[in-house]
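Peer 1: Protein chains in written order, with the working numbering: chain A, 27 to 166; chain B, 68 to 414.
Worth flagging that the hints you see were computed from the coordinates, not collected in a lab. Any given hint might turn out to be false.
[What the hints assert, rightly or not] In silico DSSO-like links for lysine-lysine, alpha-carbon gap of 30 angstroms or less:
no. : chain 1 : residue 1 : chain 2 : residue 2
1   : B       : Lys154    : A       : Lys40
2   : B       : Lys306    : B       : Lys194
3   : B       : Lys130    : A       : Lys140
On a predicted model such as this, the values are computed, not experimentally measured, just so you know.
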Amino acid sequence: MAEKGVAQLWRKIKAIYTIQGDHCTTCDTYYFPPRVVCPQCRRKGQLEKYTFKGLGKIHTFAIVRQAPDTFKRQIPYIVAQVELDEGARLTAQIVNCDIEDVHIDMRVRSCFRKITEYGESGIIIYGYKFEPTMKVTGHE
Amino acid sequence: MVGIIGYGVYIPRYRIKTEKIAAVWGEDGEKLAKGLGVFEKSVPGPDEDVATISVEAARNAVKRAQIDPTNIGAIYVGSESHPYAVKPTGTMVSEAIGCSPHITCADFEFACKAGTAAIQVCMGLVKSKMIKIGLAIGSDTAQGRPGDALEYSAAAGGVAILVGNKNVVATIEHTSSFTTDTPDFWRREGQAFPSHGARFTGEPAYFRHVGEGARALFKTTNTTVDDYDYFVFHSPNGKFPVAMGRQLGVPKEKLEDSLVVRQIGNTYSGSAMMGLANVLDIADPGSKIFMVAYGSGAGSDSFAIRVEDEIVKRRGEVPTVQDYIERKTYINYATYAKYRRKFKALG
């Protein structure tokens with residue numbers, strides 16, 4: 027039996043695994059998710075693929091306490107609007123952070139996590155989430 | 068010469084203390100922790116598996132090596148808890164770290180030594196000039212049946228090692244292996260948890276294979292214990308590697324830095340490699356490391372490694388093993404059971 031959602035996921039893999047969006051060289055704006063045309067420059071826009079560095083800060087957030095079945099194992103969890111250093115904003119789950127520690131402007135980095143899975147025998151969807159930046163020994 | 072050009076690790080944030088597990092099963096936790104030499108173990112979050120752990124470790128390795136990931140020619144992921152029975156974990160890793168599609172990739176399985184088997188294959192490919200750089204990963208979210216002795220040590224973590232011959236941070240001077248058919252630990256197709264031969268996992272399995280592997284490497288390289296500064300043995304618990312060191316006459320201080328098992332448990336395919344990474348984080352250039360990985364079933368892979376000057380330039384950019392060990396949140400047994408899907412009614 028053909029599994030639902032396979033082609034849909036496959037088209038997005040590059041974008042959701044590596045946070046790949048676009049950069050319009052005409053207006054110097056970064057977009058995520060990828061766009062077909064630059065919404066500001068329209069036909070004058072020049073879009074090129076751009077992989078975001080994955081660093082940013084929390085613009086705003088919410089604590090989820092009532093979740094869909096596939097997320098029940100994780101409640102309470104944090105969903106935030108993350109503003110990437112390049113300027114684009116995206117919605118993502120914040121992990122490796124207790125709900126009492128999250129705050130606006132918290133510095134975060136992207137990490138690779140399981141987003142959901144299509145049942146026990148279906149495909150597993152992986153992608154980006156964000157976590158507080160980590161201490162690195164020896165880093166100035 | 069062929070060697071390690073970069074390495075990265077990942078250890079999930081959650082920990083459960085041996086005492087908490089023991090309390091559920093009516094055991095003396097303090098005595099058990101001391102006897103096993105495992106005081107707490109890492110637990111993967113509900114959204115972590117071997118693919119996510121491998122990607123995080125691989126990204127750290129690529130960052131440390133400062134290489135363009137499109138120069139990687141091979142990816143091999145060694146694990147006994149791949150998320151798919153059929154669909155290689157390496158494909159997800161490759162895409163997530165930005166490799167070119169023109170690579171060779173496969174998943175490896177040899178209990179706890181699948182990661183070091185991947186290192187050996189990458190060494191061969193680099194030496195024969197088939198590829199420039201190979202990525203070998205040992206990563207696991209190990210399973211332990213509730214109430215079984217394994218539950219105290221079966222942990223989660225991963226190590227990624229980039230093998231190449233330019234800007235080497237540690238030269239692999241020699242490697243050899245020792246393999247027999249020894250049924251000490253196994254998991255049949257479709258089974259959720261592994262089975263083991265209890266005390267049989269000791270003398271005829273771990274100690275024979277690690278011991279023979281070590282002695283063979285000493286013989287081939289014409290070296291003795293005195294020629295090495297650090298020793299790393301596969302650590303299914305904190306007791307076995309110490310006993311192995313004693314059998315081979317290794318001074319305690321040469322083994323101490325590899326015993327991360329005490330704080331994070333047995334990371335299976337990542338176990339010996341995690342000990343090696345902890346040593347690489349602190350070793351001075353010129354130091355020599357002797358490592359023997361062990362995989363049930365059974366076999367051992369031995370390595371003689373020399374730390375190069377280049378390693379100093381590669382420190383400070385990615386988290387060390389100790390950084391990950393220190394980043395922890397304790398959970399109780401109920402949360403552990405929820406995260407590890409031990410409640411079957413929840414699916």
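Peer 1: Does each hint hold? Answer for all of them.
Peer 2: Tested hints:
1. Lys154(B) / Lys40(A): holds (18 angstroms)
2. Lys306(B) / Lys194(B): violated (36 angstroms)
3. Lys130(B) / Lys140(A): holds (22 angstroms)
In terms of the numbered hints stated before, the structure departs from hint 2 and from no other.
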